[in-house]
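Next come the chains, spelled out residue by residue.
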Amino acid sequence: MSETIVSLRDVWVQYRQRPVLEGVSLEVRRGEFLTIVGPNGAGKTTLIKVILGLVRPSRGEVLVFGKPPWTLGPERSRIGYVPQLENTDPNFPVKALDVVLMGRYGKLGLVRRPGKEDLEAALAAMERVGVRELAHEPLGHLSGGQRQRVFLARALATDPELLLLDEPTTGVDVQASESFYELLRRLQRQGVTIVMVSHDIGVVSRYVDKVACLNRRVVVHGKPEEVSASEALAEMYGCAALFFHHGKAPHMVVRLHELEGKN
Amino acid sequence: MMDFLHYAFMQRALIAGALIGAATGAIGVYVMLRGLSFIGAGIAHAAFGGVAIGTLAGIDPLASALVFSLAVALGIGYTTRRAAIREDVAVGILFAASMALGVFLLSFVPGYTQDLFGYLFGNILAVGPADLWFSLGLFLVVFGAIALFFKEFLYITFDPEMALVSGLPAGAIYGLLLSLIAFVIVLSIRVVGIILVSALLVAPAATAFQLTEDFRRLMFLSVLLGVGETLGGLVLSYYTNTPSGATIVLLSTALFFLAFLLSPRRRAVRVLPGR
Numbered sequence: 000m001s002e003t004i005v006s007l008r009d010v011w012v013q014y015r016q017r018p019v020l021e022g023v024s025l026e027v028r029r030g031e032f033l034t035i036v037g038p039n040g041a042g043k044t045t046l047i048k049v050i051l052g053l054v055r056p057s058r059g060e061v062l063v064f065g066k067p068p069w070t071l072g073p074e075r076s077r078i079g080y081v082p083q084l085e086n087t088d089p090n091f092p093v094k095a096l097d098v099v100l101m102g103r104y105g106k107l108g109l110v111r112r113p114g115k116e117d118l119e120a121a122l123a124a125m126e127r128v129g130v131r132e133l134a135h136e137p138l139g140h141l142s143g144g145q146r147q148r149v150f151l152a153r154a155l156a157t158d159p160e161l162l163l164l165d166e167p168t169t170g171v172d173v174q175a176s177e178s179f180y181e182l183l184r185r186l187q188r189q190g191v192t193i194v195m196v197s198h199d200i201g202v203v204s205r206y207v208d209k210v211a212c213l214n215r216r217v218v219v220h221g222k223p224e225e226v227s228a229s230e231a232l233a234e235m236y237g238c239a240a241l242f243f244h245h246g247k248a249p250h251m252v253v254r255l256h257e258l259e260g261k262n
Numbered sequence: 000m001m002d003f004l005h006y007a008f009m010q011r012a013l014i015a016g017a018l019i020g021a022a023t024g025a026i027g028v029y030v031m032l033r034g035l036s037f038i039g040a041g042i043a044h045a046a047f048g049g050v051a052i053g054t055l056a057g058i059d060p061l062a063s064a065l066v067f068s069l070a071v072a073l074g075i076g077y078t079t080r081r082a083a084i085r086e087d088v089a090v091g092i093l094f095a096a097s098m099a100l101g102v103f104l105l106s107f108v109p110g111y112t113q114d115l116f117g118y119l120f121g122n123i124l125a126v127g128p129a130d131l132w133f134s135l136g137l138f139l140v141v142f143g144a145i146a147l148f149f150k151e152f153l154y155i156t157f158d159p160e161m162a163l164v165s166g167l168p169a170g171a172i173y174g175l176l177l178s179l180i181a182f183v184i185v186l187s188i189r190v191v192g193i194i195l196v197s198a199l200l201v202a203p204a205a206t207a208f209q210l211t212e213d214f215r216r217l218m219f220l221s222v223l224l225g226v227g228e229t230l231g232g233l234v235l236s237y238y239t240n241t242p243s244g245a246t247i248v249l250l251s252t253a254l255f256f257l258a259f260l261l262s263p264r265r266r267a268v269r270v271l272p273g274r
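So the protein sequences, as listed, match chains A and B.
Numbering that gives the first Met the number 0 numbers the first residue of the first sequence as 0 and each following residue consecutively.
Numbering that gives the first Met the number 0 numbers the first residue of the second sequence as 0 and each following residue consecutively.
Just so you know, these hints were derived from the structure itself, not from any lab.
Owing to the predicted nature of the structure, the values given are computational and were not obtained by experimental measurement.
Glycine is no exception: its CB is placed at the ideal position from the N, C-alpha and C atoms.
A hint or two may mislead.
Below, a sample of chain B positions facing chain A; criterion: calculated Cβ distance under 7 angstroms [unchecked claim]:
#, residue
1, F157
2, F214
3, L217
Generate coordinates for the entire structure from the input sequences, incorporating the hints supplied.
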């Protein structure tokens with residue numbers, strides 16, 4: 000059995016007295032590709048932030064590479080993070096390469112400027128995700144899909160072992176999304192452990208090997224077909240019920256549920 | 000021609016103006032891209048409270064304005080980092096409160112209204128030789144910090160969350176950036192005044208933004224525009240016999256609209272990046 004990279008045990012998070020995560024437990028092993036699905040307000044982004052060490056749980060234990068993530072220090076460069084596309088201004092006056100280079104900033108530390116080694120690592124990361132030729136394009140000239148790949152390259156610039164993605168295909172067209180997932184699959188085969196948050200349920204069964212269904216409290220955890228089999232469990236906790244049918248066209252039924260809210 | 004150069008007060012104003020233009024142009028890039036113009040205006044108004052304290056206490060009003068603005072800038076940074084109060088609410092309250100404090104305190108100083116106007120709208124006749132050294136010092140701090148923390152400022156401006164994730168002390172860097180805004184504002188009080196400085200913190204950068212998509216070029220253009228507009232405005236105000244601060248701000252606004260109309264890419268949908 001391979002090494003555990005991320006482990007959450009009974010994690011509780013509250014924002015202004017409102018519970019966001021209630022007793023979430025989760026485990027990710029080296030080489031796995033886990034997708035966390037769930038409705039808006041389910042706490043998916045919060046869960047990612049907990050793994051990143053940006054949000055500290057009020058209760059429970061979080062271990063990333065065997066340590067609480069906020070104590071990782073320089074080992075942070077072992078984690079790559081692709082935030083939601085809308086977190087950044089698409090017209091910000093930088094070139095694609097400048098964005099990818101930012102992935103090296105943390106490793107460089109304060110004051111030190113990126114050098115030749117960083118430039119090479121950045122270009123290699125861009126090559127790896129197929130945007131090498133866009134290096135000198137202004138960010139504002141890129142499509143949503145291209146920008147998303149540039150952000151993926153930034154996350155890969157330190158050659159991380161764990162890759163976290165938050166709704167990576169929001170605002171990206173269907174074709175670009177599919178090839179983006181193919182790319183993630185390729186990275187997984189190269190040994191990168193991937194945790195992705197998504198509401199893009201249709202895609203889950205085809206590209207990932209484990210699904211967690213989250214609605215604040217619940218994590219139904221397992222292979223896509225197992226999760227769909229536990230329909231009753233999913234429904235009991237108010238998670239959008241998922242039915243995966245492996246066949247020509249995986250389709251799904253998303254049931255309306257009473258819980259509403261925003262991330 | 001150029002007879003204004005014979006006057007010592009004009010020489011001082013031009014030197015101070017060049018320093019101010021360069022500093023506001025550079026810091027303005029971050030202010031515009033990160034959407035900090037309201038905070039800038041808030042810090043500027045806080046400076047007025049500082050001026051009043053200095054006047055009443057008998058110390059250099061600019062020195063006390065510097066301390067006071069710095070405290071307010073860091074206070075805003077701290078409050079919002081703790082997420083206790085929303086940033087615009089914190090600024091909105093401080094904004095009026097420090098102005099009120101200034102007016103309140105200055106009412107104890109008899110016959111002060113003349114000088115008051117100078118602090119609010121700038122008065123180039125008040126730029127003394129000592130102010131030049133003060134300005135030069137602030138100028139060096141601002142550009143020294145930008146040179147040192149160029150990549151850090153770029154990161155927190157573009158993507159503050161990722162900057163934090165990277166392990167860089169993003170909170171401290173943001174605090175430093177707010178402090179530099181305070182420095183630039185105090186630096187500008189003599190020439191442009193507290194009320195008008197916020198325009199100078201955005202206009203040159205916004206003008207430059209219409210003309211380039213490269214960050215370094217944007218910075219360079221914004222500094223160039225800042226210096227050109229301040230000096231141009233000063234000279235113009237000399238000939239038209241109009242208040243210098245207002246002339247500078249109107250000139251920089253006119254150039255912004257010109258650049259907006261001529262912008263090669265016509266980013267008409269979003270003139271300024273929102274946040």
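Structure-based check of all given hints:
no. : hint : in the structure
1   : F157 : holds (5 angstroms)
2   : F214 : holds (5 angstroms)
3   : L217 : holds (5 angstroms)
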